[in-house]
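Residue numbers (the working numbering), protein chains in the order written: chain A, 267 to 554; chain B, 164 to 914; chain C, 25 to 211; chain D, 21 to 277.
Treat the hints as calculated values from the structure; they're not laboratory data. Please read all numbers here as calculations on a predicted model, not as lab measurements. Glycine included, C-beta positions come from ideal geometry on N, C-alpha and C.
Just so you have them, the derived chain A footprint on chain C, three or more residues with Cβ under 8 Å:
no. : stretch
1   : 89-99
2   : 102-109
Restricting the straight-line Cα-Cα distance to at most 27 Å, the calculated cross-link-like pairs of lysine-lysine (DSSO-like) are:
no. : chain 1 : residue 1 : chain 2 : residue 2
3   : A       : K319      : B       : K849
4   : B       : K784      : B       : K849
5   : A       : K288      : B       : K308
6   : B       : K857      : B       : K281
7   : B       : K849      : A       : K483
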Amino acid sequence: MAAVKSTAVATKPKAIYVDTSKCTGCRGCEVACKQWNSLPADPQPFAGSYQTKRDFAPNTYTFVRMNEVATSDGEVRWLFRKSQCMHCTDAACVEVCPKNAIHHTDYGTVYRDADKCIGCGYCVNNCTFGITKLDEVAHKATKCNFCLDRVEAGLEPACAKTCSTGAIQFGDREQMLKLAHQRLAALKPGFPEARIYGEQELGGTGFIYLLTDRPEKFGLPENPVVPWTVKIWQHVVRPAGEVMLGGTVLALLAAALLGAGKTGKVDKAARTGSGTGSNEGGATDAKS
Amino acid sequence: MDPRFTRTSSQADLYAPLRPGTDIAFIGGLINYALENNLYFRDYVVNYTNAAFLVDEGYSFHDGLFDGYDPQTKKYDGKSWKYAMGLDEKPLKDPTLTHPRTVFRLLKKHYSRYTVEKVCAITGTSKEVYLEVAKAYCATGRPDKSGTIMYAMGATQHTVGSQNVRSYAILQLLLGNIGVPGGGVNALRGESNVQGSTDMGLLFDQAPGYMALPPAAPEYANLKGYLDKETPKAGFWTNKPKFFVSFLKAMYGEAATPGNQFGYAYLPKRDPKKNYSYISLFEDMYDGQIRGAFFFGQNSAISGPNSNKENSALDKLEWVVISDLWETETAAFWKRPGAKPAEIATEVFLLPAAASFEKEGSITNSGRWIQWRWKAVNPPGEARSDLWILHNLHRRIRARYAASHATKDQPLLNLSWQYGLGEEPDIEAIAREISGYDTRTGQQLTTFLNLADDGTTVGGNWILGGMYPPEGNKAKSRNTADKGGIGSYLGWAFAWPANRRILYNRSSADLHGKPWSNDKKVIWWDPVAGDPLKNEHGKWVGLDVPDFKPTVSPSDAGGSNPFIMRPEGVAGLFSKLNEGPFPEHYEPFESPTANSLSTVNLNPVVKIFKSPMNERGDAEKFPIVVTTFRLSEHMQGGGMTRNLPWLAELMPELFVEISPTLAKARGIIPGQDVVVASARGEVKAKALVTNRWKPLMINGKEVEQIGLPWHFGFMGIATGDVANKLTPHVGDGNTLIPEYKAFLCNIRGVK
Amino acid sequence: MEISRRDFFKYSGATLAALMAADLGFDTTPAKAQANELKIKFARATPSICPYCSVGCGILVHARDGKVINTEGDSDHPINHGSLCSKGAAVFEVAHNPRRLTRPLYRAPGGDRWEEKDWDWVLDRIATNVKKTRDAGFIESEKGLPVNRAENIACLGGAALDNEECYLLYKEMRSLGIVYLEHQARV
Amino acid sequence: MPKAKAATVYETRPRVVDSMAPNGMEIIRFDGWARAAHWAHVLSFFALLVTGLAIFGPQGDTIARVFGGIQATRLIHRAAAVTFMALSIVLLLISAANNRFRNIFQGLKNLLAFDKDDLAFLNEFPKKFFGLEARVPEQGKFNGGQKINSILVVFGSIVLAATGLVLWNPKAFPIYLVRLAYPLHDGAMFIMFALVLGHMYLSLVHPITRKALGAMWHGRMSGEYAEHYHAKWYRAAVEKTALEKTDTAKSGKTTSV
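All chains, full assembly: derive it from the sequences and hints.
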């Protein structure tokens, strides 16, 4: 309903910088995330590759995507990317959440408040990256919450702490960006397609990737946007609807006051009949 | 370099595939490359290795065989694998390295056969990649550079496993990479305390501290005979009598007196003709010789080779005791798929053990750091620590023999067991006994140098000497300072020996005691340091505890002999192992091709078991090379990981990695069930078709390769067939470690 | 169903007010994140070393009222600086796992199931077996030389045991005369 | 008022009924089924609207408490949706069967047939609505405003139902369709909400038009009102009744509503 979402401006912007040129796919982050958040396993059958997780699940906030990519000279590259909620600044979930259960924190991350979430699934269906999932039993949307309790206690998020190759680092946003740019400069000669992903995308995301190849090789959209349907919904339909509704009520009030002078009787003078119904209003009519 | 393109390879700057079992060819080629292109570190090689030593005339090598080989006994006599001695009974040397019988020349001649073409034909690596590897790695031969070789079971689990590691040592010595930071030959061992359990001598022929357990042979009849035979004339091992007597005092305490050779007779003497190592143990168990067995946290049904045979061996036991945290496949061998419990008469005891954080104790990592573990919580239910189990089992067995006066029971009754009267043994007392104390004062020793051979000191394991000095257990120290930034962390825990972090670090300095390069300095000679009262005129100082006599100056006698454990004080490019002084490439027990370097296909000293269930596969029936491997998500026999939901969901079941060409050839689609068969068994797995695997050109023929993780078994959450049903009962020429990493198989899809 | 004009104003006014309030987005509840309480806040952290491979990474085991509530890397530890691979990170499930053995189990010869026993019973029975088997196969001497060995009992394990445990195991087994003493270092 | 037994009445040609109405005449405007359908829809629509609003915004929680918590509210929303759709279909069928189907298309045609009177009505009535003088032409059974309203209601309901089904189980539909369903559902809700407000005003508050409320309550509208505001429809009804009177006189049956 609210046209303007109460988005806390990030006073202490933090970020997690994931360097895919260092990740060896050991999946320590997957286990550490489950350990800290006490998430039970959700076993999937062997799916033809090391990556047994195909998608997020109510108790899987993060998993490592493993793509084998053939290179031009017939060799193979094995690209790993730890995937999780991106914590976008221009966040579709924050916009669509009807209960203000998802909002930005002082660190610029997107936090889902379990108490206010009713499990309506708006965020699940509109997330730009399709990450948030719905726990139908607990009626809660589930996603990575950037280990907010740890961050507020001055600790690193669980995945950043457990990463043994230093692929996942946590810190102030501009410090992380500095590291990313340094690394990019070093990698560019060997990896022409290397780039930073998340610095500008969607107004800057809480997770910043240093990709060694094009985004789709890592299962990421080239330039992610909040779905246009969300924009139409939140910035056109809703405001317009509210204005129209307000207008209707005012019109009815005005009509009632101005029309007060009329007697209850049928107005003989206007024999030709005044009919009923405003341009939007209407008399009763049975469905024929 | 790895037969498989692994997740680590994905981040490597350079990945070189090679056929499993051809490491010596690969490294031999690098040795040749370093020598041919003069990339070796000459000063280091001349002064710190036995390159300049002349070898006895009797030494020879021809068509894959060294001198003195007896085909009947399949052994070398090794009589002439020694230095040529001068009149002064000292080895003859030629520092100019020109004499044809210098170790250097013989080495150069031996590896001149390992040309790049020949090597690439054997290993299947492409020439371009191989030359890139050679160029990149041999560049570390410069004084200011260093390179490290890290390896695991991929190098050791071969019939030529020991020589594989020897070839790493030779390459590193030529490039001057031993004793310097960022150098070394580093094993990535697989269990949290496998280093500690090896240090404690839990091997059939060992006493703690890498000392030999005496065999039943005339020359070992008494302690004096043992010490004369086992103590070298020079080098640090000349102290062995102090270490061995202190060990006997630790074993038999008061009952170990000079009179009874400190209880030497009580030690069990093994039959020298018999081999009691892992494979022979199960062979003998299969033959019914072994009636009872203990398994302490070991899941042999999964991790042992030829598991069909090893499981059948377990069936023959009268009783077996298993102590573990889970009901493993070894504990449940009597109800394994296909077994008939009614016909298995073994009495099985499964004891619940405590986990690492449910008990106190120290463990030693691959870097020889002995770290203490504190107890966080009690074990669940009635689980107990292995310490508790061993302590209370010993007391009960001993009680049964209390009344006996038979001599055969004296070894048990005279065993020293001073760990308190309660059920829970006093672990600090055990740690103190291991580290060593003076029997007269009860004072903890500060170093193993204070151990004595007259029975006045107790030292359970000399290499841990000094871990528990009077001021307390150094394994518990947690100072995070790293002086000099080379990662020595001298204040963190205790490293054996004597807290040295980089062994042979004397070789990081030149003949004058000055570091070869500032970047690679560890210790150096400081003429000013030293305590004048002890008329010390200079001392070795630096960023690590010197692995050298601190006050011996570089110019003193032996002042430039960094390899203090070896009699000649210098490293052994030429060094005796069962198969010879230089590593030579031989094909694995089951190979798709003949040896193209000589007519000797299999390592000539390997023991072949002519017993049932030990068939040998040939390339016709089994054309595909297979190697077993481990996953980062599972651990060894799988007990500790396949019972954990978070890990079971990451790697849920057994799969086999195959190349797209092989898949097409066999009509196998990704994810399909396949059967992998070797001469010894069959295994069902899911197919993981990946272009990380490619067939390799081996001696002109295209050979397919596949990879099988071996953690899986029928117990636990993540289950699967036992990959080790396929592996052979054949082992390395020196250690008899099984050849898991290279054998032959065939594969077919299951409709 | 006559609704007086006054009633109408009352009702529509009320709904209007509610709508207007919602309209302008006055979110009455505070937007600040109330992250839940840090679970390890009052826990005791015990340093331990990972039970898996031999790199020797440091692990902190957080416990409260005798129960493990969290395990993560030990940031002070110079080897791993707080990081852990997938196995080390899962150590929590070694503490909380219904599959853990909690009572001594015994399987009778030819039997098809485990029976739960107490420690006294199993240790006594094992000691009896050891003595019976040792005495049956003990070789006291060979060719006049004392050998004191028992070749009919083997002992395997344990690279996962502490040093002190390995030491006791060594003393205990050698004192019985066992020469078939092997463990994972060989495989 | 005598209880009028529902006679088979041709919707489009209403019958005149003798009664004690002020000018002694009423016309049947809506038969029983039509009224039943209307009021059933009012109930389910309001249930949908209110429970929908409970989800719609943070302030909805107060509404949700009335229904026993947000999850109960969402359940009621779904239940009401089912009744809403079921009613539409069932009653459509019944009234169709009642009028032997011919009438349905006729009804829809009337609804959608816009003649100049309707257009004239649309720009005249607003002035009148605000008390200004306006020349409103004669209207049929449904004036221009009522036709617009009906169209929007029918169309709005269909959109709400369709998008509601998509939102109910998003996994069964392609994601872009699900994402499109949100703005459509909300938009249709706004329109329907505004319509209902206007509609309630005119039928309950507006001094003149509220007199026609009875037509949806007991089905009859006073002749005077009909003649005044639905002249064309009124005349058609009167002629028809005159014809029937002569028939019954011959057959001896009394005319009934």
